[in-house]
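Enquirer: Chain by chain, the residues run as shown.
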Amino acid sequence: VIPEATAATGTGQRGSRASVTEQGLPNSLPRPEGELEALEQIWRPPSGWRFLTVVNNSYIGVFYLGTALLFFLLAGLLALMMRSQLAFAENDLISQDTYNQVFTMHGTIMMFLFAVPAVEAFGVYLLPNMQGARDLPFPRLSAYAFWAYLVGGLVFFCSLFFGLAPKGGWFMYPPLTSYQYSPGPNADFWLLGIGFIEISAIAGAIEIVVGVLKTRAPGMTLDKLPIYAWAMLIFAAMIIFGFPAIILGTALLEIERSFHWPFFIAEKGGDPLLWQHLFWFFGHPEVYIIFLPAAGFVSTILPTMAQTPLVGYRFVVLALLATGFIAFGVWVHHMFTTGIPQLSVSFFSAASMAVSVPAGIQLFAWIATIAKGRLQITTPSLFILGFLAIFTVGGLTGVMVGIVPFDWQVHDTYFVVAHFHYVLIGGMVFPLFAAFYYWAPLDSTQRLSERTGRWIFGLMFAGFNLTFFPMHITGLLGMPRRVWTYPSELGWEWLNLTSTLGAFLMAAGVLLFLIELARNYRPFMGETPGNVWDASTLEWLPSGNYANRSVPIVESRDPLWDQPNLARDVEDGRYYLPGAPTGGREALITSPVEARPQYVVQIPGPNLPTVVAAVFTAFFFLLLTVKLVIPAIICGVIAIVAIILWLWDTDPGPTHSGVDIGGGITLPVYVTGPVSHAWWAMIVLILVAGSVFAALIFSYYFLWTASPDVWPSSTGWQVPDASWPVASALLLAGSGAAMALGGRALAASDRLGQWPVRGALLVAVVLLGASLAAELLSQWQAGLRPQESGYAAVVYMVSALQGVFVTTLAIMAFFTIARSMTGRLNAVRRSTYDNTLLLWYYAVGQGLIGLAMVHLSPRLL
Amino acid sequence: MSGPMKAAVFILGAPLLCGGCVGIQSPLDTHGDHAALIAVLSWVMFIGATLISLGVVGVTAYAMFGDRERRARFLDRRLIIGGGILFPTATLTALLIHSLILANRLVAVTADDKPLRIEVIGEQWWWRVHYLDEQGQRAFTTANEVRIPVGQPIEFILTTADVIHSFWIPSLGGKLDMIPGHVNRLRLKADRAGVLRGQCAEYCGGAHALMAFFAVVETPEHFAAWYDGQRTPARQPADPFLIKGRDLFLSSGCGGCHAIRGTAAAGVIGPDLTHIGSRRSIGAGLYPVNAGTLAGWIVDSQHLKPENRMPSFNVFTGEELRALAAYLQSLK
Numbered sequence: 001v002i003p004e005a006t007a008a009t010g011t012g013q014r015g016s017r018a019s020v021t022e023q024g025l026p027n028s029l030p031r032p033e034g035e036l037e038a039l040e041q042i043w044r045p046p047s048g049w050r051f052l053t054v055v056n057n058s059y060i061g062v063f064y065l066g067t068a069l070l071f072f073l074l075a076g077l078l079a080l081m082m083r084s085q086l087a088f089a090e091n092d093l094i095s096q097d098t099y100n101q102v103f104t105m106h107g108t109i110m111m112f113l114f115a116v117p118a119v120e121a122f123g124v125y126l127l128p129n130m131q132g133a134r135d136l137p138f139p140r141l142s143a144y145a146f147w148a149y150l151v152g153g154l155v156f157f158c159s160l161f162f163g164l165a166p167k168g169g170w171f172m173y174p175p176l177t178s179y180q181y182s183p184g185p186n187a188d189f190w191l192l193g194i195g196f197i198e199i200s201a202i203a204g205a206i207e208i209v210v211g212v213l214k215t216r217a218p219g220m221t222l223d224k225l226p227i228y229a230w231a232m233l234i235f236a237a238m239i240i241f242g243f244p245a246i247i248l249g250t251a252l253l254e255i256e257r258s259f260h261w262p263f264f265i266a267e268k269g270g271d272p273l274l275w276q277h278l279f280w281f282f283g284h285p286e287v288y289i290i291f292l293p294a295a296g297f298v299s300t301i302l303p304t305m306a307q308t309p310l311v312g313y314r315f316v317v318l319a320l321l322a323t324g325f326i327a328f329g330v331w332v333h334h335m336f337t338t339g340i341p342q343l344s345v346s347f348f349s350a351a352s353m354a355v356s357v358p359a360g361i362q363l364f365a366w367i368a369t370i371a372k373g374r375l376q377i378t379t380p381s382l383f384i385l386g387f388l389a390i391f392t393v394g395g396l397t398g399v400m401v402g403i404v405p406f407d408w409q410v411h412d413t414y415f416v417v418a419h420f421h422y423v424l425i426g427g428m429v430f431p432l433f434a435a436f437y438y439w440a441p442l443d444s445t446q447r448l449s450e451r452t453g454r455w456i457f458g459l460m461f462a463g464f465n466l467t468f469f470p471m472h473i474t475g476l477l478g479m480p481r482r483v484w485t486y487p488s489e490l491g492w493e494w495l496n497l498t499s500t501l502g503a504f505l506m507a508a509g510v511l512l513f514l515i516e517l518a519r520n521y522r523p524f525m526g527e528t529p530g531n532v533w534d535a536s537t538l539e540w541l542p543s544g545n546y547a548n549r550s551v552p553i554v555e556s557r558d559p560l561w562d563q564p565n566l567a568r569d570v571e572d573g574r575y576y577l578p579g580a581p582t583g584g585r586e587a588l589i590t591s592p593v594e595a596r597p598q599y600v601v602q603i604p605g606p607n608l609p610t611v612v613a614a615v616f617t618a619f620f621f622l623l624l625t626v627k628l629v630i631p632a633i634i635c636g637v638i639a640i641v642a643i644i645l646w647l648w649d650t651d652p653g654p655t656h657s658g659v660d661i662g663g664g665i666t667l668p669v670y671v672t673g674p675v676s677h678a679w680w681a682m683i684v685l686i687l688v689a690g691s692v693f694a695a696l697i698f699s700y701y702f703l704w705t706a707s708p709d710v711w712p713s714s715t716g717w718q719v720p721d722a723s724w725p726v727a728s729a730l731l732l733a734g735s736g737a738a739m740a741l742g743g744r745a746l747a748a749s750d751r752l753g754q755w756p757v758r759g760a761l762l763v764a765v766v767l768l769g770a771s772l773a774a775e776l777l778s779q780w781q782a783g784l785r786p787q788e789s790g791y792a793a794v795v796y797m798v799s800a801l802q803g804v805f806v807t808t809l810a811i812m813a814f815f816t817i818a819r820s821m822t823g824r825l826n827a828v829r830r831s832t833y834d835n836t837l838l839l840w841y842y843a844v845g846q847g848l849i850g851l852a853m854v855h856l857s858p859r860l861l
Numbered sequence: 001m002s003g004p005m006k007a008a009v010f011i012l013g014a015p016l017l018c019g020g021c022v023g024i025q026s027p028l029d030t031h032g033d034h035a036a037l038i039a040v041l042s043w044v045m046f047i048g049a050t051l052i053s054l055g056v057v058g059v060t061a062y063a064m065f066g067d068r069e070r071r072a073r074f075l076d077r078r079l080i081i082g083g084g085i086l087f088p089t090a091t092l093t094a095l096l097i098h099s100l101i102l103a104n105r106l107v108a109v110t111a112d113d114k115p116l117r118i119e120v121i122g123e124q125w126w127w128r129v130h131y132l133d134e135q136g137q138r139a140f141t142t143a144n145e146v147r148i149p150v151g152q153p154i155e156f157i158l159t160t161a162d163v164i165h166s167f168w169i170p171s172l173g174g175k176l177d178m179i180p181g182h183v184n185r186l187r188l189k190a191d192r193a194g195v196l197r198g199q200c201a202e203y204c205g206g207a208h209a210l211m212a213f214f215a216v217v218e219t220p221e222h223f224a225a226w227y228d229g230q231r232t233p234a235r236q237p238a239d240p241f242l243i244k245g246r247d248l249f250l251s252s253g254c255g256g257c258h259a260i261r262g263t264a265a266a267g268v269i270g271p272d273l274t275h276i277g278s279r280r281s282i283g284a285g286l287y288p289v290n291a292g293t294l295a296g297w298i299v300d301s302q303h304l305k306p307e308n309r310m311p312s313f314n315v316f317t318g319e320e321l322r323a324l325a326a327y328l329q330s331l332k
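As they're listed, the protein sequences go chains A and B. Using our numbering, read the first sequence as starting at 1 and increasing by one per residue. Using our numbering, read the second sequence as starting at 1 and increasing by one per residue.
Worth flagging that the hints you see were computed from the coordinates, not collected in a lab. Everything numeric in this text was worked out from a predicted model, so none of it was measured. Treat the hints with care, since some could be wrong.
[Unchecked claim] According to the in silico footprint, chain A covers these stretches of chain B (three or more CB under 8 Å from chain A): (1) 26–35; (2) 267–274.
[As the list claims (entries may be wrong)] Pulled a few chain A residues facing chain B out of the computed Cβ check, cut under 10 Å: (3) PRO32; (4) LEU36; (5) GLU37; (6) GLY283; (7) VAL287; (8) LEU385; (9) VAL399; (10) GLU489.
Glycine is no exception: its CB is placed at the ideal position from the N, C-alpha and C atoms.
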């Protein structure tokens, strides 16, 4: 489909090469009259109050980033409060209870409301532009994720003003955080507040995976994918496999708090360590989830500043992949002092050493890039040099705390506080500031001041080191973390005072940055200064609300350096899809590896229900927190209705028989099955669901090993007769079969009409619900109650999780029936049915595995 | 500890081990072989990390300012393979193997050592301490302080009464968590006498910052005398003022929570006070023990240690309070 690209390596020195596309660009000039105007009209964001419903990635990305910055400032203020309290020994500026809330909120906000959203926001903003795409494939989903995050995050923060903020530390270890020792709503704010931020993060991750794999400029094979996009792809994959553990963990803890199902209560056969495993299985990858996008920034900015391609592209990609894998094998290094067996400690210590190899590969690839080119000392360069220095130190102390005997001493001391701030601020905040400075000219009418930038960097770098370097020593003098006061005779006071002074110095740098933003940052105001750094990646192409006028063909890793005239030809509309042939917003969907054009997707535009759904989702969780159940349910129903409204026009069907994108290529505008972006999104969602279920399977067997004495083999409790699970399994299978038959009936609906499809959906819903009811009834009639033991709780939890799917699928089935009744479902326009079918198969599989586990294990173990 | 090892500790530890200036709660001020071995490892890593950091800064500076031709020739893909793969793999493998051997050694149980067993139970926000005799029975109960003899292996049996705590005496060795449903055993040995401080290292809510204790390392003779003293019931006062204090203690309901062996007070909710006068601190490492701090604690414990489980008892006259405090102080 695409003209064969010449052997593009992208690894040579920058320079121009002859290119086949020069001989014949896909579209000819002059472009038809009105084409550009139509494009502008279609992609223009709504005006007036309706501007709030905007979905374009370049707007949502900036809002998202601005909100993340706001939370960075708020959590930074909390840090200054803590530093003020600790400046002097036996200080009483802040009370014990307030301090405990403040440090919990500082960590929680920095991790969940700043770091992950900030890097996700940059992804939403940059990825489509960097890949030559018009927008992300699910713009409303990004908008939904943003609004839920904004509203929920702000309310969550406000809990501090009422003394209701969580105070269990950002990793919320039970039993301290369970109902017995934290009876107030504080811990619920954390669990439910973080709960929907997780949903927001997962929505973003699905968007990014599909965006990177399916919406690239033709010719941008995986081998030519910008490093930043690689980093974001792996970032999203890590969210998909890492976040489910904490989603399950927060669900278990909230259920324990609300309904007293004893997952973590030792006396009843639960185990507090289960939480630690679930939390850190998410929590350690989380560090790399934050770091990988930042590493992507560095690998993008540094080559520009050195004006030479990144040295060792493949090494860096492999390093990113290796980090993604190894990161899931290190979580127990947070638990070296829990007394777990030496053998497993050894394994996790080794994995913790191994993860420094990919970090080292990237570090030296960056240094080699500097050596090869000539580094211009700009503000982004300074932040990156600062990053290299700080992150190296943080990495080395990371090796130290991965060493088991050393960790026994410094675990939970200020040495660890110093370490992870070196890693997180050095590894993420400094590259983020480099990125702010570097990419600000993309949407601001003027650049940020280089002169001020040097001051900002200087203050932040000096302040950072003055704050956190002494903490290594404070820790080695024995100061534990999370203490609101300390005695004067232990020699910690001068170190703490130094840290406090440093913190204010760093804050001065951040303040100067805010002033600089107020002075010079002018987004969405018109003409931008263009490719000010002479960068090589596509986001620097001339663009408007429609992104690029035409979708370029990429032949190099550094297209703007290696493909002469690219910018002009793209802007003139000589590449693919220079207009809007369907009359609406559209994007080119390409194949995941080779990036060959597959079809043109009509993507949805601004939409009020999306915003409504997000706001009410946030309120659903927040009202649940304060136990206002009825208002919460009302909000939940409104959110679901709004989601249905938002989705109603997102499956438009084949409105055109095919559109000409240029170069003799005519593409369909509607596809279903494995080629379609919707199919990919559903598969990714199923991976998320499967990971949640895997975490539950882990929990089941973990509790068995922890407290076999509450298992039926010890208690003598008679497990339900085998006929129950067999019946339940048959019902499940029948439900899946009904859906499969319904799918066939849909294919033949021209002949058979719609009633067989609707009937199949109804039957499938009934059988799925009946299967769950049978399982619940079997345990109940056998006398098992979820409150009585860890075993009973986890058995019912398998059903509870299945119940989530039964509910979701019932809604999806009725949605599909509604589309059928209104003539929006047929043999071709069947994306809605196919997506429901995919998730249905998953739920049937999960149900069968769950039944096998719950009923076979007690008989075999 | 072997001779060469001691020399190594001395040489490597010299920069910071300037006698007491690291305080009594530092892993670098070692009073036992576990802590000493870890301290040596620590210094090796600190020095190694410093050299590596300087090396990275140096290479980066060369990459920026070195001769363009030459730096591009030296610092290419080989730098990535050498610096990013070979060097860390070699050094980290060596470090890992050494550290795991050390870790196994630190937790190893040898058949012939007869450890002194001390059961420590973490509670919000203090430490309940039971000394076990050779039969494994509880010999006596104390709180917020452990005394141990020089040279004898100690086995701390660590559990919790409520949430997760972590038991840590930095000068003797690493920390170990106290987790509901789990019994953890920490083996330590002191090799020189001194007063050491320990502190809860796992955040345990409210007054976590004020949950400390003292570990007193004594000669075996001193320890034996103390041990025998602790096994005896509380001394009966003869002084009328102290008798008044004791009677107040018993009549005011203090015995509902506290035990004083030899009296009717047998509460088990709070610390055993049988020999409170001989301890180094009240409030879990918070204040030294004297009549003033004892009286202050009784009257205003919620202010001195917010959220602790003992209510402030502002119900005594000045005279009564003095008698009560004097009685407690006399419980040596």
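Enquirer: Given that the segment 26–35 of chain B was listed as covered by chain A, double-check it with a C-beta distance under 8 Å for 3 or more residues.
Expert: The restraint on the segment 26–35 of chain B holds, since 4 of its residues have a Cβ under 8 Å from chain A and three suffice.
Enquirer: Holds or violated: is the Cβ of PRO32/A closer than 10 Å to a Cβ in chain B?
Expert: Since chain B brings no Cβ nearer than about 49 Å to PRO32/A, farther than 10 Å, the hint is violated.
Enquirer: Regarding the hint that GLU489/A lies at the interface with chain B, is the smallest CB-CB distance below 10 Å?
Expert: With a minimum Cβ separation of about 8 Å from chain B (threshold 10 Å), the hint on GLU489/A holds.
Enquirer: Can the hint on LEU385/A be confirmed by a CB-to-CB distance to chain B that is less than 10 Å?
Expert: This interface hint holds because 7 Å falls under the 10 Å limit.
Enquirer: The hint names LEU36/A as touching chain B; please verify it with the least Cβ-Cβ distance against 10 Å.
Expert: 44 Å, violated
Enquirer: Mind checking the CB of GLU37/A against every CB in chain B and telling me if the closest is under 10 Å?
Expert: 49 Å, violated
Enquirer: Any CB of chain B closer than 10 Å to the CB of GLY283/A?
Expert: 15 Å, violated
Enquirer: For the restraint on VAL399/A, tell me whether the closest CB of chain B is nearer than 10 Å.
Expert: 7 Å, holds
Enquirer: Counting residues of the segment 267–274 of chain B whose CB is closer than 8 Å to a CB in chain A, do you get three or more?
Expert: Violated: only 0 residues of the segment 267–274 of chain B have a Cβ under 8 Å from chain A.
Enquirer: Answer holds if the nearest beta-carbon of chain B is closer than 10 Å to that of VAL287/A; otherwise answer violated.
Expert: This hint is violated: VAL287/A lies away from chain B, its Cβ roughly 18 Å from the closest one there, beyond 10 Å.
The structure does not agree with the numbered hints 2, 3, 4, 5, 6, 7 stated previously, though it agrees with the rest.
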